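Starting from the known structure of chain A, arrange chain B on it as the hints suggest.
Residues per chain are reported as follows:
2 protein chains.
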Amino acid sequence: MLQKITYLTFLLLCFCGCSLNKMLPENSDVNASALKQIDTTTQVIESVHLKSPDGNIEVSVKNADGQVLYNIKAFNQIIIKDSKLGLRFLEQHGFDKQLVITSIEKSESKSRWEQPWGERRIVVNNYKELLLKLENTTNREKMNIRFRAFNDGIGFRYEVLEQKGFESVSIVDELTNFNFDENSTTWWIPAREWNRYEYLYEKTPLSKVKMVHTPVTLQLPSGLHVSVHEAALVNYSGMSLEKRRGGTLKANLAPRSDGLLVKTQAPFNTPWRTLQISKDAIGLINSDLILNLNEPNKLGDISWFTPGKYIGIWWAMHMRERTWGNDGIHGATTEETIRYMDFAAEHGFNGVLVEGWNLGWDGDWFHNGDVFNFTKSYPDFDIEKVSAYGKKVGVPLIGHHETSGNISNYENQLDAALELYANNEVKIIKTGYVADAGDIKRIDENGIAHYEFHDGQHMVNHHLKVVKKAAKHKISINPHEPVKDTGLRRTYPNWVSREGARGMEFSAWGVPPNPPEHTTILPFTRLLSGPMDYTPGIFELRPSELPPVREDMQRNDPKSRVETTLAKQLALYLTIYSPIQMVADLPKHYQNNMPAFQFIKDVPTDWEQSMALQGEIGDYLVIARQDRNSSDWYLGVITDEQARSFSIPLHFLEKQKTYTAQIYRDGPNADYDTNPYDIIIEEVNLSSQDTYNLSLGKGGGAAIRFIKHH
Amino acid sequence: MLQKITYLTFLLLCFCGCSLNKMLPENSDVNASALKQIDTTTQVIESVHLKSPDGNIEVSVKNADGQVLYNIKAFNQIIIKDSKLGLRFLEQHGFDKQLVITSIEKSESKSRWEQPWGERRIVVNNYKELLLKLENTTNREKMNIRFRAFNDGIGFRYEVLEQKGFESVSIVDELTNFNFDENSTTWWIPAREWNRYEYLYEKTPLSKVKMVHTPVTLQLPSGLHVSVHEAALVNYSGMSLEKRRGGTLKANLAPRSDGLLVKTQAPFNTPWRTLQISKDAIGLINSDLILNLNEPNKLGDISWFTPGKYIGIWWAMHMRERTWGNDGIHGATTEETIRYMDFAAEHGFNGVLVEGWNLGWDGDWFHNGDVFNFTKSYPDFDIEKVSAYGKKVGVPLIGHHETSGNISNYENQLDAALELYANNEVKIIKTGYVADAGDIKRIDENGIAHYEFHDGQHMVNHHLKVVKKAAKHKISINPHEPVKDTGLRRTYPNWVSREGARGMEFSAWGVPPNPPEHTTILPFTRLLSGPMDYTPGIFELRPSELPPVREDMQRNDPKSRVETTLAKQLALYLTIYSPIQMVADLPKHYQNNMPAFQFIKDVPTDWEQSMALQGEIGDYLVIARQDRNSSDWYLGVITDEQARSFSIPLHFLEKQKTYTAQIYRDGPNADYDTNPYDIIIEEVNLSSQDTYNLSLGKGGGAAIRFIKHH
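Residue numbers (numbering that gives the first Met the number 0), protein chains in the order written: chain A, 0 to 709; chain B, 0 to 709.
Think of the hints as simulated: they come from the structure by calculation, not from any bench.
A pair holds if it fits inside one copy or across any two, identical chains being indistinguishable in the list.
When the alpha-carbon atoms are kept at most 30 angstroms apart in a straight line, the in silico DSBU-like pairs for lysine-lysine are as follows:
(1) Lys-202 <-> Lys-558
(2) Lys-262 <-> Lys-96
(3) Lys-471 <-> Lys-390
(4) Lys-163 <-> Lys-262
(5) Lys-468 <-> Lys-375
(6) Lys-375 <-> Lys-96
(7) Lys-600 <-> Lys-654
(8) Lys-384 <-> Lys-468
Because the structure is a prediction, the values reported are computed rather than measured.
Same shape as in the complex, but just chain A (with noise of 0.2 angstroms):
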C-alpha cells in the first residue's frame, strides 16, 4: 500500500440557524405522536447540528466532497467521530456520492404511550427532530434522512422517495458507519456464524471484534455506555457490523440467497440505526429508545393476551428422561400433558408447553427436513382431549411449532396450524427455527430451492407474516432460533417473547454451561432488543449427577450443570424481562423445595414501573420492578462468578409507608460451584428511606417481594 500522506481538511460550517422558540406542551395522548414542523430552508446546506431535549447529544451532519457524514457528541465528548451514510443500489446511481442537502427540517416531539403489557405501562417519548432532504447531483435522485435525537440516545432512518427508475430497489450496500474509538471496551456475540445468537459473549477492545450482531455494547474509554442496534426491522435484512479500520463498525446487511442485500421498491425506509447512550451501563436497560423508534400498535385490542408463566414437557427432553420422538418414552403424551396441567392449575401458572406432539421426529429431523407434519399428533397424545382438560382446570395448552428452518414446508401448513391450535384453546405458540445460520431452507415457485439466513429479508418477513396470521386467531408468538428483536413488539404485541441468545437449555447440555457472568452480560446486550424467554427457575441445579433415565439416554456432558445458586434462579425472574416467563424445571424438583418455589408462584410477569438501580455489564445488576397489578414491588439482585456485597438505598419504594419483604437469598456459604442450594427465606419490614445490605455469594443473586402495609 501507498500512505496517505496528505489529507484534505474539510471546511465545517456552523449550521445554527435554527431556533426553538416554542416548546410543545406536555401531552398525554396514548399512541399519538406530536410532530410539528418548525424549521424549513431550502437553501444547500454544508452542516447541521440537532440537540437532544436536555441538549446532552449533539449529532452533527455536514456535507463533504460530496458524501454525507455524520458524528455524535454526548456530554461534551466526541462519541462517534465522522461516518459515512448511505446507500448503494443494482440498478441506480445510488446515495453515496455526488450528495447535496438540499433542505432540512427541523421538529420536536412529546408524547407518552401506554403498554399493553412490558417492563413499564407508561413510556415517554421526547425527541428533537431533523430531516435531511438529499439529491444525487449526477440525476437528482431523491432521498431523506431523518434524524432523532432523544436523551438517551439517536436514532436515524433512511427514507427512499417515491420517483420515477424507483419502481424496483436493489439493495447492494448501506454505508452506515460508526466510527468509534478502537479501545472502547465492546461486549459482541460473532453474526454469520453457524449458531445464529447463541454464543457467549466476548469482552474485547473494539479493535478486536469480528462481525457482529446488534445489539452490540460498548463502554467508551471516557466511561459512556453505548449500544448499537435497530429499530422497526420490517422489509429490509437485519443488520450486522463488521469491523473496518480503526474502531469503525460498518453496517453490513444480511444477504438474501440471491445475493442482494434487500429487494424492494420505493418509497420506502429503512430500519432505524440505532445509538443508545448512557453515563453508566444501567441507563441503557432504563431506555425505551427502541420502543419509542417503533410504529404504534396495529393489532388495537390485545387483552386477548395473558402474561404469566408457564410449564412445559421440555426440561425432561434435556434431562435425558423423556424425548421429542415416539420411542418408549415419548414426553409429549395425553396423561402427561394432564399431569402438567394439573401441576400448573395448582400453583397458577397459565399454560403447559408440550414439544414433540405432532409427527416428524423420529428421523433426522435438523435442518431443514420436510418431515414435520403441523397438524397430524402422535397416537398417544390426543389433542383434543388435552385442550379440553385444560379448559377446564384453566391451563392452556402453549402450541410448538418446530419448522427445522424449511419456511416453505411451515407456511404450507400455517392456515391449518394455526386454526387447528385455536379450536383448541391455544393461546401462544413456541416456533422452532433449528437449522444454521444461512440454511433457512424455502422453496421458489419452479420447485427450486433456496437458502436463507436467519436475519435476513426473506425471514424478517416470514416472522411478520407468521405474527399477523397468528393475531388473527387471537395467539401470540414466542420464536426460538429467531430473528432478533427490533421492538416490533409495539406494533405487534402478541409477538411477545423469543429466544436468540443463550439460553438456559445450554447448562443442560454443558457444551460449555452459562457461565456465571452470562446472565449478568445479556441484560446490557441482548435484552436490550426486547423480552426474552431464557426459562429460568432451575432447581435441580447438577442435572448429570443424576442417573440415566434408560441406559441408551445417558446424561449429558458431565461437566453439565446450572452455574448458579438456587436464589440466582429465583433472581433471573426480575433481571430478565419477559411477559411469559418459563417454570423450566421438572414438577417434581420444585416439589422438593416448595418454600423456595413460592416465590416463582407469586413474581409477576407485567409491571407497571422498571428501574435498573447498580450495574456493571458482566459483572452485576440491581433491579427494582413494580407489578402492575398490586401495589408489590419487587427487586432482583445477581453477581457474577464474584461473590459482592450491595448496599441497596430502597427509594423506590412508595414514601411514608412499611412493606413487608419476602426475602430469597443467598445463605452465607452459598457459592454456584461448591454450594449452590444454600438458600436464605426470610421476612423483614423495610421501607424507602432503609438501605438494604445484602450479601451473595459466587454465581449468587437475591429475590425480593416488597408488600405493602395498608
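Coordinates of chain B only, in the frame set by chain A:
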C-alpha cells in the same frame, strides 16, 4: 435451540476395487502431463478412496443421504473429518443434495516441467487422480469433482458440464467445508476487512479465528502442518474461509457488487481447493502443489523477462524526503531518475522504479478517484529523456500505474499507457490498487458506479486482462494491493511478483512496524501462494531519528523503525522469494556501508533449486538456494524476537568440493532493538561435510554466499 439427541449412522461401504497394475514410466516431457485412465465404473458409488503416490495421504469420498462428503487421512490420522462438497445456484437446482455418484475414473500422472524462472528450475508433478461424476437425482443435472492426491497434499475442484439450462450460471453458495480439529493452532489474517491482505498474522486456536484469507496455515494437535489455499483462480471469486461450528472452515467467496458470488456459464471449472500437508513446517515451503495445479505456460517464450534487482524513487517518499505530488520536493524528476539510474548501473541493478511521474497525485487521490492520467507526466519529468538515458546505461525504467482502485479509469487508458511504456523500454510495471476492500470502483455501461472486492470475480478478471495485455508488449506485471496469488505465474509467467501482505513500508510508518516474527511467519503463510515484492534491504534502520527534510514533513510515528538487525535485511533476500527484488533504501544509505551492500549486489533472484532446511512458524527459518546461473549456493537464516543458535549441516553443497563462504551475520551484540547494526562479515572455507554453527541476535539473521572452488 433444541438439542439433537439422535444421529443417523451413515453406512460406509468401502470401494477399493481399483488396482493400479501399471505404474507409468518417469516422463521427462516438460509441460506435458501424462494422464492415463485406468479404471471406470458406471454403478452408483457410495464410497471411494484415493491415495497419494507414496500412500501417506488418502482422501475418501462418500455419498451420505444425497450429500457428497470427503475426508482426508494423512500419516494414519484423520486430518479433515467428513466435510461437505457442493455448489448452489440462483436459477438451477444446484449440487447440494439429492446427489448420486454415477461413476468414477482413477488415473495416475508422473511428469516434470521447467520453470522459466522460479525457486527451482525443475518441478516434479506426480499425482493420482480421481474423477467423480455426479448427478442430481431431481433433474439429472451433471457435475464432476476432480481430486488429485500428491505426496505433498490434495487438490480438488468442481467441473460443471455443458448442459441444457446452464447457459447462464449464477453461483450463490459454494458448500466446500474443511472440517479440522478446532484445537489446531492457526496462523491467519482476517478477510473482508478494510485493508485487503495487509495485516499482521494472528496465531490462535482454530476455534478463535474469524473469516480468514487463504493461504491459512494450521498446525494440528498431532503436529502435522496443513495450509489451505486455492490454485488457478480464473473467472471466479477468491475464496476466503469462514469459521463455522467446531473446527469447520467453510468456503466464502468474495461477493460481486450485484450480490452474486460468481456469474459464469457452463462448462466451467472452479479453482482448485488445495491442502498442502506436511509432517513439519518446512515441508509446506518445499511443496510445489499450487504451481502443479495450474495450467502450463500459455505465453511461450518469456525470455524478455529478466529476473533481477531494482531500486526506486519510493522509500524517499516514505522517509518524507520526497513526495509523489508536485510540491517543491517532487521525487519523480528527470534529474533524480538519472541519478538513480547511475547508481543502479554502477552496482549492477536492472531497473529504477519511479512513482509519481504521472499526473494525478496532488489532490485526495485515495480511493477510486478519476484523477490519474497514465500517459501525461509532470513538467519536471521527461520520460523520453530518462528512458534514453536508461537505455544508454543499461538500466530500464520500471513503470508505475497507481489506479487508486478505479479500474474503469485505468482500463480506459490501459492500451495507451502500455504503449507509452513499451516505447520507453519499460519491461516491468508496478501497478497499485489503493482502495479499501470492497471499494474498487467500476463504472458500468450505464454510467453507474459499482464497488468490488480486490478478490472478487471482477478484479480476478481485471488483473488477468492487464497481465495478458502487458504480455503483448513484453511487459511484466507486479501488482500492489493485488488479488492474492494462486500460482498463475506458471500459466502467465509475466505475472512476476506482487504485494498482498504487510511489506517493509509498514516499518517506515510505525503503525506499528512489522515485528521481528512477521518475516518468520510469511514464508509459511503468504509466501506459499507465490513471490512477494516485500522490498527488503533497508540499511537505515531507525529512520525516525533523522531530522525532517522540511518543517511540514515531520517523520512518521516516532516509534517507526525497522525491527531487524542489518544482517537480517540481507537474509530477507533469501527467505522471501521473488524474481524481482527491490533494493529499497536510499542510495546514500548504501554508500555508507559498502561492505554489507556487497551481498545485495551479489545475491541472485533466480534459482536452480531451493530447500527449506529448518523452521518453525513464527520462530525461525533456515533456507538454502542454488543460483540458477552459477554453481553458487546461498544460505539465509532469520529469527524472530528471540536470539537463537543454529547447527546447520551443509549437505546441500556439492560433495567433495570446497566452498568459500562469504558470511554476513549478526555480531555478538546484535539486537534489533538495541544494537541493530552489529554485523560480522567474514570469509571461511566450508564443505558439504561441515556443520555450520551460527548464533543470531534478537530479530537477527545471516546471509551466506558459497562460492565453489574449481
